[in-house]
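**Student:** Chain by chain, the residues run as shown.
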Amino acid sequence: MTFLELRGVGRTVSRPDDRPLVILDGVELVVEVGDRLSIVGRSGSGKSTLLNLLGLLDSPTEGEIFLDDEPTRHFSARRRDVTRGRDVGFIFQQFNLLQGRTALENVMTPLLYDTGSAFWRRRAIASEMLDRVGLGHRLSSTPDRLSGGEQQRVAIARALVRRPRLILADEPTGALDIETGEIVMALLDEIATASDAALVTITHDPAIAALATRRFRLEKGALVDAAAPVLAHEGAPGHPFADPSGSDS
Amino acid sequence: MKGLVTAFVGSVIEAWAELRIHRTRVLLSLVGVAVAVCALTSVVALGNIAQQATIETSERSSGRPATLYVSAYTADGSAPPTATMDKTWNEALERYSVHYASRVNQQQVSIQFIDGVSPVNATLVDQPYGTMHRVEVVRGSWFGETDATRLAPALIVNDIFWQRLGSPDLATHPTVSLVGSKPVTAVITGVIAALPYEDQPSMMMLNDSYTRLAEQLATDASYPSYPSYEMWVPPSVSAELTTRLQSDFSASLGEGATAQVNRQDYAAYGDDPFLPIKLMISGVAVLVLLLGALGLVNISLVTVRQRIQEIGIRRSFGATAARVFFAVMMESVVATVAAGVVGVMLSILIVKSPWVEDVISQGVSDIPAFPLDAALLGLAAATVVGAIAGLLPALVAVRVKVIDAIRY
Chain B
0 MTFLELRGVG RTVSRPDDRP LVILDGVELV VEVGDRLSIV GRSGSGKSTL
50 LNLLGLLDSP TEGEIFLDDE PTRHFSARRR DVTRGRDVGF IFQQFNLLQG
100 RTALENVMTP LLYDTGSAFW RRRAIASEML DRVGLGHRLS STPDRLSGGE
150 QQRVAIARAL VRRPRLILAD EPTGALDIET GEIVMALLDE IATASDAALV
200 TITHDPAIAA LATRRFRLEK GALVDAAAPV LAHEGAPGHP FADPSGSDS
Chain E
0 MKGLVTAFVG SVIEAWAELR IHRTRVLLSL VGVAVAVCAL TSVVALGNIA
50 QQATIETSER SSGRPATLYV SAYTADGSAP PTATMDKTWN EALERYSVHY
100 ASRVNQQQVS IQFIDGVSPV NATLVDQPYG TMHRVEVVRG SWFGETDATR
150 LAPALIVNDI FWQRLGSPDL ATHPTVSLVG SKPVTAVITG VIAALPYEDQ
200 PSMMMLNDSY TRLAEQLATD ASYPSYPSYE MWVPPSVSAE LTTRLQSDFS
250 ASLGEGATAQ VNRQDYAAYG DDPFLPIKLM ISGVAVLVLL LGALGLVNIS
300 LVTVRQRIQE IGIRRSFGAT AARVFFAVMM ESVVATVAAG VVGVMLSILI
350 VKSPWVEDVI SQGVSDIPAF PLDAALLGLA AATVVGAIAG LLPALVAVRV
400 KVIDAIRY
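Those protein sequence lines, which keep their order, are chains B and E.
Just so we're aligned, residue 0 is where the first sequence starts under numbering that gives the first Met the number 0, counting upward by one.
Just so we're aligned, residue 0 is where the second sequence starts under numbering that gives the first Met the number 0, counting upward by one.
Isolated chain B, as found in the complex (with noise of 0.2 Å):
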């Protein structure tokens, strides 16, 4: 069942001298319930826009981005900020722990935004996350006490504790050794999978890359199959950004 679809998305921005800078351009994507999806690409080729884009934290500046089959540009600011809490879970590479709060805490933060029972239930829905990461005996450990496939099991928990449908992961072992690694993505994979969330990876490792069943590749801006024979690059330092004007920047 689709819930996410990207039609003819594009997104440009403003150079300093005021030319436009394509990052990408005619993105075509759906995501299905329960979907596992990974976007390689190389630093700078748009990856981490698209994350922004599927997470509602950006706008694009052509397309247009369905949700539940309706068109998100015209939702309110507030509505983003609330469809993403409630259906988007984020995973960030640097793990992105709130200093200072404990494994508890941290996990109960998504939770506060929300206003259901859930949160009044929060601590123990936390705590029982947190037990289905293997942090139960951690609930107390701030992130400065805690290693870095803790600190990345705090994350995931963070991130599937409103049970989102959509699980963004940006570079998730980027910051861990390559075993923690497969045990963080084993762990993410069997959470997502028991609570039928779609997970997006974005890496730059292609065995993590692997783990997912559709693969893409993001080149000059577009979203391609990763199975597709990869483009002969120009070189340019500039590259993959697409430069509209045709000129070479």
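No wet-lab data here; the hints were simulated from the structure.
One or more of the hints may lead you astray.
Stated by the list, open to error - Among the chain E residues that face chain B by a calculated CB cut under 10 Å, a handful are:
{"no.": "1", "residue": "L3"}
{"no.": "2", "residue": "I20"}
{"no.": "3", "residue": "Q111"}
{"no.": "4", "residue": "I113"}
{"no.": "5", "residue": "V116"}
{"no.": "6", "residue": "L286"}
{"no.": "7", "residue": "L290"}
{"no.": "8", "residue": "L293"}
{"no.": "9", "residue": "R314"}
{"no.": "10", "residue": "F316"}
{"no.": "11", "residue": "T319"}
{"no.": "12", "residue": "A321"}
From the three backbone atoms N, C-alpha and C, an ideal C-beta is built for every residue, glycine too.
Could you slot chain E onto chain B? The hints should help.
**Tutor:** Coordinates of chain E only, in the frame set by chain B:
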């Protein structure tokens, strides 16, 4: 509604967690606010106490606003016949429905003390005088409605008088002998504090009691007796009533006598005689508070810039701009309210300390309690300062670009 409740509770929880985690910074930033609130509350409280003390002192001597004084004299300087004055006075009270009124006269009465007879100044009044002049009876009670009909007249004496009698317990109905052609036994029913300038015994007696016994008592004939008539009326009608009383008394006393009606209470010469001091106190208080607020704004702004990533993370988990704004604002408000409570408590300790009370109570027999309005003002000021000081950081927090903040 459900969303509003959870949003409010959630914001307070976030604010409290933030304050708990950064307690050192918060404590440091709040020292300034607590001191400012303490200064504000103390200045206002001291001002109010001083003002209240001054008002009460004024009211004890010249009555509460508006007290009208009626006096009359004849061409040869003597007082008009008491019977005529009393009749006109009583008619006026009835005509204008005045309930608080008193004739006031001074006499000298000889009192038999244990160590001999002494002349004592006696203020002759009517029963409402106690309320009109805020007479505070420190022992016993003020004259009752039926005291005028007692065979043994009731006396209210100052504490010098009372101590000279050996400080008797009023429950034993201590008596004293008023010397005259036929001595009169009087009962002391109340004791008042001696005025700051008093060093001799003095007493108060009801006019009607004195009139009944006047012939028996040895009074000093050379003692000047100019009875005055006082009434406590609403300030709004005092001007009109002054004119009417003037006219009534002039008509009643006839030619050859002059009647004067005037106001002598502290509020007689302007709307608010304490306005200049109030303005000065308010000015100082606002300045003190502004300085405290500036310090807080400064620290809050620096802090919010250090928290950009945290704000970005919260936004990514569904915190709306309004929620972030309110949470940052609440941090400031929760903190300053806590500081306000500390500041007000400090202020109470300072203002009610014996040393400060000694300084501000010179010439005042009883110090008013710590003014509640000063404490409330301190807390309100702390809340407002918190809201204002939180406004700027909250605006900065809302303007944080989530995408940049996460990668900050």
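**Student:** Evaluate each hint against the coordinates.
**Tutor:** A quick look at each hint next to the structure:
Because the smallest distance between the Cβ of L3/E and any Cβ of chain B comes to about 9 Å, under 10 Å, the interface hint for this residue holds. Among the interface hints, the one on I20/E holds; its C-beta lies about 4 Å from the nearest C-beta in chain B, closer than the 10 Å criterion. Hint on Q111/E is violated. Least Cβ distance to chain B is approximately 81 Å, over the 10 Å limit. A hinted interface residue such as I113/E counts as satisfied when its beta carbon comes closer than 10 Å to some beta carbon of chain B; here the least separation is about 79 Å, so the hint is violated.
Checking V116/E against chain B by beta carbon gives a least distance of about 84 Å; that is not within 10 Å, so the hint is violated. Interface hint status for L286/E: violated, as the beta-carbon distance to the closest one in chain B is roughly 36 Å, over 10 Å. Residue-level restraint check for L290/E is violated (minimum Cβ-Cβ distance to chain B is 30 Å; threshold 10 Å). Because the beta carbon of L293/E sits about 27 Å from the nearest beta carbon in chain B, more than 10 Å, this interface hint is broken.
Here the hint on R314/E is kept, as its CB sits about 7 Å from the closest CB of chain B, short of 10 Å. A cut of 10 Å between beta carbons decides the hint on F316/E: the least distance to chain B is about 4 Å, and the hint holds. Checking T319/E against chain B: minimum C-beta separation of about 4 Å stays under 10 Å; hint holds. Below 10 Å, beta-carbon pairs count as interface contacts, and A321/E has one with chain B at about 7 Å; its hint therefore holds.
In terms of the numbered hints stated before, the structure departs from hints 3, 4, 5, 6, 7, 8, listed from lowest to highest.
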